[in-house]
Amino acid sequence: MALKTDPNFHEAGRRFFRDFSPGDEFYEHLIEAHNGLSDEQSEALNARLILLLANHIGDLKVLREALDKARAGA
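Heads up, the sequence shown is in the working numbering, so the first residue is 268 and it goes up one at a time.
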């Protein structure tokens, strides 16, 4: 499996009018999840989310590539 860097947000059984709509929906949920949290709580939420998603992906090659790309953009 290769790292996907093109928009890939989707939801089974739903059709979206524009390709960016599901990504926008995810971003809204992400921001809502952080509402009312302290900086420390927000960082902990991000860490837990990263670990959950990394476990879901599971492919170490993809995860290494994602880390490299994220680090290069820092």
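Among the hints, a few may not be true.
[Claimed, not checked] DEER-style ranges, computed between Cβ atoms:
id	residue 1	residue 2	range
1	282	338	13 to 21 Å
2	306	282	34 to 42 Å
3	331	305	15 to 23 Å
4	282	307	20 to 28 Å
5	295	331	26 to 34 Å
6	322	278	25 to 33 Å
7	306	279	32 to 40 Å
8	273	334	26 to 34 Å
9	279	339	13 to 21 Å
It should be emphasised that the hints constitute simulated quantities derived from the structure, not laboratory data.
Here the structure is a predicted model, which means the values were calculated and not measured.
Backbone N, C-alpha and C define an ideal beta-carbon position, used for all residues, glycine too.
Results for each hint:
no. : hint                  : verdict
1   : 282 / 338: 13 to 21 Å : violated (36 Å)
2   : 306 / 282: 34 to 42 Å : holds (38 Å)
3   : 331 / 305: 15 to 23 Å : violated (32 Å)
4   : 282 / 307: 20 to 28 Å : violated (40 Å)
5   : 295 / 331: 26 to 34 Å : holds (30 Å)
6   : 322 / 278: 25 to 33 Å : violated (20 Å)
7   : 306 / 279: 32 to 40 Å : holds (35 Å)
8   : 273 / 334: 26 to 34 Å : violated (19 Å)
9   : 279 / 339: 13 to 21 Å : violated (32 Å)
In this structure, the hints that do not hold are numbers 1, 3, 4, 6, 8 and 9, in rising order.
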